[in-house]
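K.L.:
Below are the chains, spelled out letter by letter.
Number of protein chains: 4
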Amino acid sequence: MLDINHLKKILQEFSDVRDWNQFHNPKNLAMALAGESGELLEIFQWMSDKDSNNAFKDADIKEKTSHEIADILLYLIRLADLMNINLSEALTQKILINNQRYPAHLVKGNAKKYTEY
Amino acid sequence: MLDINHLKKILQEFSDVRDWNQFHNPKNLAMALAGESGELLEIFQWMSDKDSNNAFKDADIKEKTSHEIADILLYLIRLADLMNINLSEALTQKILINNQRYPAHLVKGNAKKYTEY
Amino acid sequence: MLDINHLKKILQEFSDVRDWNQFHNPKNLAMALAGESGELLEIFQWMSDKDSNNAFKDADIKEKTSHEIADILLYLIRLADLMNINLSEALTQKILINNQRYPAHLVKGNAKKYTEY
Amino acid sequence: MLDINHLKKILQEFSDVRDWNQFHNPKNLAMALAGESGELLEIFQWMSDKDSNNAFKDADIKEKTSHEIADILLYLIRLADLMNINLSEALTQKILINNQRYPAHLVKGNAKKYTEY
Numbered sequence: 060m061l062d063i064n065h066l067k068k069i070l071q072e073f074s075d076v077r078d079w080n081q082f083h084n085p086k087n088l089a090m091a092l093a094g095e096s097g098e099l100l101e102i103f104q105w106m107s108d109k110d111s112n113n114a115f116k117d118a119d120i121k122e123k124t125s126h127e128i129a130d131i132l133l134y135l136i137r138l139a140d141l142m143n144i145n146l147s148e149a150l151t152q153k154i155l156i157n158n159q160r161y162p163a164h165l166v167k168g169n170a171k172k173y174t175e176y
Numbered sequence: 060m061l062d063i064n065h066l067k068k069i070l071q072e073f074s075d076v077r078d079w080n081q082f083h084n085p086k087n088l089a090m091a092l093a094g095e096s097g098e099l100l101e102i103f104q105w106m107s108d109k110d111s112n113n114a115f116k117d118a119d120i121k122e123k124t125s126h127e128i129a130d131i132l133l134y135l136i137r138l139a140d141l142m143n144i145n146l147s148e149a150l151t152q153k154i155l156i157n158n159q160r161y162p163a164h165l166v167k168g169n170a171k172k173y174t175e176y
Numbered sequence: 060m061l062d063i064n065h066l067k068k069i070l071q072e073f074s075d076v077r078d079w080n081q082f083h084n085p086k087n088l089a090m091a092l093a094g095e096s097g098e099l100l101e102i103f104q105w106m107s108d109k110d111s112n113n114a115f116k117d118a119d120i121k122e123k124t125s126h127e128i129a130d131i132l133l134y135l136i137r138l139a140d141l142m143n144i145n146l147s148e149a150l151t152q153k154i155l156i157n158n159q160r161y162p163a164h165l166v167k168g169n170a171k172k173y174t175e176y
Numbered sequence: 060m061l062d063i064n065h066l067k068k069i070l071q072e073f074s075d076v077r078d079w080n081q082f083h084n085p086k087n088l089a090m091a092l093a094g095e096s097g098e099l100l101e102i103f104q105w106m107s108d109k110d111s112n113n114a115f116k117d118a119d120i121k122e123k124t125s126h127e128i129a130d131i132l133l134y135l136i137r138l139a140d141l142m143n144i145n146l147s148e149a150l151t152q153k154i155l156i157n158n159q160r161y162p163a164h165l166v167k168g169n170a171k172k173y174t175e176y
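Protein chains in written order, with the numbering used here: chain Y, 60 to 176; chain G, 60 to 176; chain C, 60 to 176; chain X, 60 to 176.
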């Protein structure tokens, strides 16, 4: 369970006490989120597909991945807050869209049929 | 409140019925997440900082942002699942690290002191 | 003038003597390029639009940008090599496409009309 | 051979006649470049490492890759122009750095020793 409202408040306060609200506009947060997703890529970029399936067994890689995922999620919660987006509703809506966009019987086992979730 | 365990199961089933587990290794999911964060960037890339602060008032931009944020979050939940990472713990741990890394009295109003959260 | 053929050979040799060809497939190189573009983002993410226009006057920022740009270009040349893509032809073709896609009289001063070059 | 000065002028004029200089600051161009690198990722994200080695044989994939690579390179040339960075010198300098950073005898066949070029 993630208490998004609680996390929003933690991040608001984190920014408030550092006087960082001046830097936290949606454009900058989108950049920061993409920057972190670049760091996530760097963890896996020279790893084979197969090795990435076993990467969770390596404590260092798991911890590094955990930190990057957390960074992305923190920026994402902050961005959603500033854009007045309800994350829970956004997810529900997108899952419905994905179910319609990728009917199981049409895309079964076929990666070519989709380029995004 | 986000019920991550419930979302994990929805995404597992979504992948199972489409026979997409063969594509969902951590490496590919990191790429897909970064691809979506690129789409998020495209929403804001020609917008001024100031205009991005008002972007939430534009229903189209808000909806598009909502979709990209949801895509990123879905991939993130799926990646965390495959890496055996507990998102709630990952966030708690990273927030503690950030509090130590950016002491409020040292970084107040100063964007140069930090390059990541 | 960039001598792409010469650069291709330098990069081939760089990879050969390190036995890195096993890691340099197009997928991994695309990831590495995107990872570097994430580092490029981090240089500018907390900077205002206006300040970024003066960023070239800061020797440190200019050097850091120079390194990231070079990294991106090196991966790009290597990726084009492996994909058998002629960079010069690719540029000529894309410039023509862009000229057709964004007719000057229709998109003048309008950022909304385009989301990519 | 890429005539960077010629390409710089083409891109300057492309932007001038569209009155797009107002959008082309280094920050926005870094975002646009990263956005295109996200599109590049999407080409390869569900492809196996091995399949990506044969991707150049697929005319559609090759063309799509060619377009994304060209987009990235055009933004990169434009960004270097605005940052007053000489691409040729930037490459030469970075290649020297990489040669020192990754001594062949130490990193031979080892992807773990490096996370960037």
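Hints were generated in silico from the structure; no laboratory data involved.
In this text, all values refer to a predicted model and were calculated from it rather than measured experimentally.
Treat the hints loosely; a few may be bogus.
When chains are identical, the list treats them as one kind, so a pair holds in a single copy or across two.
[Stated by the list, open to error] Result set (DSSO-like, lysine-lysine): computed pairs, CA atoms no more than 30 Å apart in a straight line: (1) K167 with K109; (2) K67 with K109; (3) K68 with K116; (4) K121 with K109.
K.L.:
Now tell me, hint by hint, if it's right for this structure.
P.N.:
Now for the hints, and whether the structure bears them out:
no. : hint           : result
1   : K167 with K109 : both (21 Å within a copy, 21 Å between copies)
2   : K67 with K109  : between (37 Å within a copy, 22 Å between copies)
3   : K68 with K116  : between (34 Å within a copy, 22 Å between copies)
4   : K121 with K109 : both (16 Å within a copy, 25 Å between copies)
Checked against the numbered hints given earlier, this structure breaks none of them.
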